[in-house]
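Going down the list, the protein sequences come from chains A and B.
Numbering follows the working numbering, in which position 111 of the first sequence is assigned residue number 111; successive positions increment by one, without gaps.
Numbering follows the working numbering, in which position 106 of the second sequence is assigned residue number 1106; successive positions increment by one, without gaps.
No lab work stands behind these hints, which were simulated from the structure alone.
Computed from a predicted structure; not experimentally measured.
Heads up, some of the hints might be wrong.
[As the list claims (entries may be wrong)] Which residues of chain B face chain A? A partial, calculated answer using Cβ under 8 Å:
no. : residue
1   : 1065
2   : 1069
3   : 1073
4   : 1076
5   : 1123
6   : 1124
7   : 1125
8   : 1129
9   : 1132
10  : 1135
11  : 1140
12  : 1143
13  : 1145
Glycine included, C-beta positions come from ideal geometry on N, C-alpha and C.
Here's the letter readout for the chains.
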Amino acid sequence: MSDSTRSATPDRWTRRLHAYSDGELSGFARWRFERRLRRSPQLQRELAELARIGDWVRDAHAGASGPDLWDAIALRLPAADARRAERAAGERPGIGWLAWPGALASAAVAAVLVVHWLTPPTPSRIGVVRWLDSGPRDVMVLEAAPDTTIVWVIGPPGKRPARGEDGKV
Amino acid sequence: MGRSSHLRVALGACVALAGIAMLAAPGSTTAQSPGSNRVPVNVMIVQTSNKKGEVDPRAQELHEKLKKQLRYKSMRVIQEQRVDLEMNQVGTVDLPDGRKVRMRPLHKGAKGVLMAVDVQGAVKLDARAPNHHKVVIGAGEYENGNLAVSIEPDYE
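Bound-form chain A, shown alone:
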């Protein structure tokens, strides 16, 4: 066997050893390797070394795992969701911007209506008398009081009523 063959052979068997150790060999390759393993104390030692190294790695991983933080993380998740929702609501271009103007406009409308409601009704400028026909006679319409209107027909046509010094008809 040449050097190249000798050096290739351990590499090949070393690769198969690793594959066998990892459970990756199957079928005929596994049978061949196990037959070789039974005959080679060196392979048996190397397999034992690999198994020990694997145990160390597993032990190291087991030891490195710290306290279980999941419970603490899970407790914080609702708060994080709530903060995210508030940020989203604040950034959402909804009708939130209408709140102040809307409140002011509503208050103004309410104030106008309340003032209108509380103040007594003012007499209409149109007046009570809407239409009048006195024929040829002169007539006077007087708003004598907020609740009284006088319609006074005065004598024959063209004859103006004589008002006294007190202004009465």
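Once you've looked at the hints, dock chain B against the given chain A.
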């Protein structure tokens, strides 16, 4: 509760207040007495005179309204009548000189009753009189004085 929640509550309260005020406003249609087409009218016929005399106690309220505008020294009540009319119904009251006063309610709304009034031989008019508003119409001369007709809608 956040700031936006407070604003929403304030906005809702203002809108509710505005709605209540609108419903309670006297000019709104809901504030009217619904449905009734009846228009009772108080009619008073008085004679004013320049002869010295008294003011009829029944006409004292009317006298208080007229005395600043009309010149007379006495007032007596000739007739007092309550005329219960329906919408568009014509009511008639007789004057002492045989003439008639006719009145007809045409419309009743928030601003009062629109009435057509005809004082025979004197004047015809349409008047929109609020409830308890007196429309006093001079009906011409009568027995050394003047007749006046007071018409006052008086409904619930």
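State the violated hints by number, sorted upward, taking the hints as numbered earlier in the document. Result: hints 3, 4, 12, 13 break, sorted rising.
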